[in-house]
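In order, the protein sequences belong to chains A and B. Just so you know, we're using numbering that gives the first Met the number 0 here: the first sequence kicks off at 0 and counts up by one. Just so you know, we're using numbering that gives the first Met the number 0 here: the second sequence kicks off at 0 and counts up by one.
Some hints here could point you the wrong way.
Unchecked claim - Here are the computed lysine to any residue pairs in the SDA-like style, where the Cα-Cα straight-line distance is at most 25 Å:
hint: 1; chain 1: A; residue 1: K158; chain 2: B; residue 2: D98
hint: 2; chain 1: A; residue 1: K158; chain 2: B; residue 2: W93
hint: 3; chain 1: A; residue 1: K158; chain 2: B; residue 2: K140
hint: 4; chain 1: A; residue 1: K102; chain 2: A; residue 2: T117
hint: 5; chain 1: A; residue 1: K158; chain 2: B; residue 2: R11
hint: 6; chain 1: A; residue 1: K158; chain 2: B; residue 2: G58
hint: 7; chain 1: B; residue 1: K140; chain 2: A; residue 2: T117
Since the hints were derived computationally from the structure, they do not count as laboratory data. These figures come from a predicted structure and were not determined experimentally.
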Amino acid sequence: MTYWIRRTVPIWATILFIVFWQVFCGVFRIDSFILPAPTEVVQSLMQYHQPIMMHALQTLFTTLVGFAMAIVFGLLLGLAIGIERAVYDGIYPMMIAFNSIPKVAIVPLLVIWFGIGTVPAIMTAFLISFFPIVVNVATGLATIEPELLDVLRSLGARKHQIVMRIGIPRSMPYFFASLKVAITLAFIGSVVSESIASNVGIGYLMMAASARFDVPLVFAGFVVISIMGIIMYEMTAYAERRFTFWATRANDIVT
Amino acid sequence: MTANSSFIELDRVSLTYKSRNSSTHALDEITMSIGAGEFVAVVGPSGCGKSSLLKLVSGLHLATSGVVAVAGQPVSGPLKISGMAFQNATLLPWRSTLDNVLLPLQIVEPHASRFNKHRDKYEAKARNLLALVGLSGFEQKYPWELSGGMQQRSSLCRALIHEPQVLLLDEPFGALDAFTREELWGVLQRLWLDRKPTMILVTHDLREAVYLADTIYVMTARPGRIMSKTSVELSRPRTLKDTFKSEFIEPVQALRIQISEVMGAE
Chain A
0 MTYWIRRTVP IWATILFIVF WQVFCGVFRI DSFILPAPTE VVQSLMQYHQ
50 PIMMHALQTL FTTLVGFAMA IVFGLLLGLA IGIERAVYDG IYPMMIAFNS
100 IPKVAIVPLL VIWFGIGTVP AIMTAFLISF FPIVVNVATG LATIEPELLD
150 VLRSLGARKH QIVMRIGIPR SMPYFFASLK VAITLAFIGS VVSESIASNV
200 GIGYLMMAAS ARFDVPLVFA GFVVISIMGI IMYEMTAYAE RRFTFWATRA
250 NDIVT
Chain B
0 MTANSSFIEL DRVSLTYKSR NSSTHALDEI TMSIGAGEFV AVVGPSGCGK
50 SSLLKLVSGL HLATSGVVAV AGQPVSGPLK ISGMAFQNAT LLPWRSTLDN
100 VLLPLQIVEP HASRFNKHRD KYEAKARNLL ALVGLSGFEQ KYPWELSGGM
150 QQRSSLCRAL IHEPQVLLLD EPFGALDAFT REELWGVLQR LWLDRKPTMI
200 LVTHDLREAV YLADTIYVMT ARPGRIMSKT SVELSRPRTL KDTFKSEFIE
250 PVQALRIQIS EVMGAE
């Protein structure tokens with residue numbers, strides 16, 4: 000019984016939140032172009048479901064491509080930084096400097112280079128989401144217990160063997176943890192880019208809708224992004240449990 | 000053991016750790032001669048450089064002065080004929096017990112290059128070894144599913160799987176409870192009698208040293224020097240019953256008095 004209550008709490012909490020929101024809008028008679036009630040958002044979702052679907056798929060596409068690039072480059076760069084001190088010393092300061100540039104400021108530049116539309120959205124998703132992956136993978140390598148290294152060194156292991164047998168598996172929990180952050184950042188990146196410089200994607204849809212004061216449609220956009228975000232987050236969390244169960248084993252005791 | 004059968008030689012070996020603004024004189028003029036297949040225990044107060052001594056023999060550290068030689072060759076880097084076990088079992092949590100034991104075979108030649116081809120054969124070997132220490136049925140368990148004693152047994156198997164000629168043990172039972180520890184003395188003795196590698200056991204448990212070793216060296220506190228060398232003449236295999244006999248208790252007492260002197264002298 001308590002098990003089911005615990006498992007379904009997120010659903011109850013969400014329903015409660017929506018009911019509260021509906022009642023709030025009804026009681027205070029709030030105009031739909033200020034804060035639309037959930038029913039109006041649902042109406043808008045149904046009315047525009049075809050264009051919403053089209054734009055959502057575009058956003059999902061740019062996000063996933065950017066995210067995939069971030070995984071590949073983030074993993075490689077993280078490994079390089081974590082393994083080779085010289086790479087760390089050379090690249091890390093630059094990376095921190097680069098990461099502190101707001102990605103919104105880069106979008107216009109990307110537009111000049113690549114034109115508006117898909118490519119800047121992919122690039123923004125990539126640029127914003129690869130940093131946490133790099134940092135986490137490098138941290139995973141940097142925090143290897145010296146005792147584990149001694150085990151391999153005492154066998155006469157070479158550096159590449161140490162990396163393969165200990166470095167990479169040891170940094171995997173850090174890698175998967177960073178993916179959960181990175182996937183949500185990737186969504187932010189592509190939506191930001193779409194809302195500045197695109198004529199497709201949820202970001203564009205919401206900008207266009209707000210220009211027409213179609214606030215229910217803006218909220219419909221929020222809902223769609225949130226749902227896609229939750230699904231992608233859950234998928235990375237699943238991958239984390241699947242591949243690094245040995246690091247998250249303590250969590251199993253809770254259920 | 001005669002001098003010419005010696006397998007591990009330390010000749011006036013000193014070790015100084017240097018960091019940016021300090022240097023620590025860890026070992027001073029250590030001379031030891033260990034025969035092939037001999038079981039040596041090194042005891043001494045904590046911080047006397049016992050672990051450093053093992054790292055010198057294994058090649059993880061290089062001597063500041065003096066010569067360390069194993070099998071007639073001066074040690075200039077990590078030895079490939081040695082196995083090591085530490086106070087912590089240091090098993091890899093992402094590998095099953097079986098895969099942990101197999102690890103050295105994936106690293107040390109000639110096994111590494113034929114590992115994939117002969118995996119079945121190597122696995123059978125690892126299972127046999129695990130059975131020998133009483134871990135049959137735990138091959139697919141992960142280290143964090145094993146008790147401390149079981150982890151340490153697996154760690155011993157990992158140190159032995161590639162049949163090293165030298166086995167270096169750094170307080171391998173130090174973190175275990177007394178009963179498990181005494182049980183593992185028997186396990187270790189059996190493994191040693193079975194394969195006769197040359198052993199160096201670092202410990203601060205004097206009963207453990209007397210139970211297991213042929214020869215016991217007592218070291219002084221920092222910088223570590225050899226204070227004495229004692230031979231244990233008890234017959235093998237030794238049993239827990241033997242530990243209550245006077246032939247066993249007397250050397251333990253004698254060692255304890257020496258340790259007190261060493262610590263008092265500081």
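Hint by hint, here is what the structure shows:
no.	hint	verdict
1	A:K158 with B:D98	holds (20 Å)
2	A:K158 with B:W93	holds (20 Å)
3	A:K158 with B:K140	violated (28 Å)
4	A:K102 with A:T117	holds (16 Å)
5	A:K158 with B:R11	violated (32 Å)
6	A:K158 with B:G58	holds (16 Å)
7	B:K140 with A:T117	violated (48 Å)
In this structure, the earlier hints numbered 3, 5 and 7 are contradicted, and the remaining ones agree with it.
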